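With my numbering applied, the sequence shown covers -8 to 235.
Hints in this document: simulated from the structure, not taken from any laboratory. Quantities reported herein were computed from a predicted structural model and do not represent experimental measurements. Hints may contain errors.
Here are the simulated lysine-lysine pairs, BS3-like style, with alpha carbons at most 30 Å apart [what the hints assert, rightly or not]:
#, residue 1, residue 2
1, K(-5), K16
2, K29, K(-5)
3, K222, K29
4, K16, K29
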Amino acid sequence: MAVKRLLVIGIGAGDPDHLTIQGAKAIAATDVFFLIDKGEEKDEPVRLRRRLIEEHGRPPYRIVEARDPERDRAAAAYAEAVEDWRARRAELYRRMIEDELPDGRTGAFLVWGDPGVYDSTLAILDRLPYEYEVIPGISAISALTARHRTTLTRVGSPVHITTGRRLAEQGPTADDILVMLDSRCAFAGLTGYHIYWGAYLGTPDEILIAGPVAEVADRIREARAEARARKGWIMDTYLLRRPR
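Working from the sequences, and respecting the hints, build out all of it.
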């Protein structure tokens, strides 16, 4: 019996050249691409996905777009708000797959960065009755350390990967901390650390700042606020490292 085939393809942190050969082959094998529109202020990620489809897709293929369900990012009950959003997105995915992907055909979701790092796509698809294959991509973590010419790990030291929300609530938990999407700039008071910060990694708007937190915190806050006001959105990450 013919079944629907689903691919989750990591497309890298923003540079079209981040796409791997495996990812390009997966795009070429796809019949239907599912794109989630997050609004005009975040249309750049959608444009990159369309560019990669145009460059590597093999016609005839179709692109199916849907608007992302609204998510309450300021909710006090953060975990519950995320759970509600994931449930609504899962229903959206289910309808798209059932209505737009014929049996025996291949559908794909193009995921920014690496699907296995700080992304909800796999957790959402796990709620649905479909098998899927994951194609890894270059994550923002890899792009950050490469652009700053440093390593994620040091000999004998663990790395704690966390969120800006958690860092603000718990404080530093290791000598090396990788932080994703910190709208609060929770690094500001950690004067004993060195920071490697990057925004819009791999894109023409990329911003890189590094140095002791005590010296560069204000620069990062100002650069982040200006960039977000200008573009309407921001994706950033940083590595905190306590000097030995």
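Hints versus structure:
1. K(-5) x K16: Since the Cα atoms of K(-5) and K16 sit roughly 18 Å apart, the hinted pair holds (cutoff 30 Å).
2. K29 x K(-5): With a Cα-Cα distance of about 26 Å, the restraint between K29 and K(-5) holds, given a limit of 30 Å.
3. K222 x K29: OK: K222 and K29 at ~14 Å, within 30 Å.
4. K16 x K29: holds, 26 Å
Every hint, counting from the list given before, is met by this structure.
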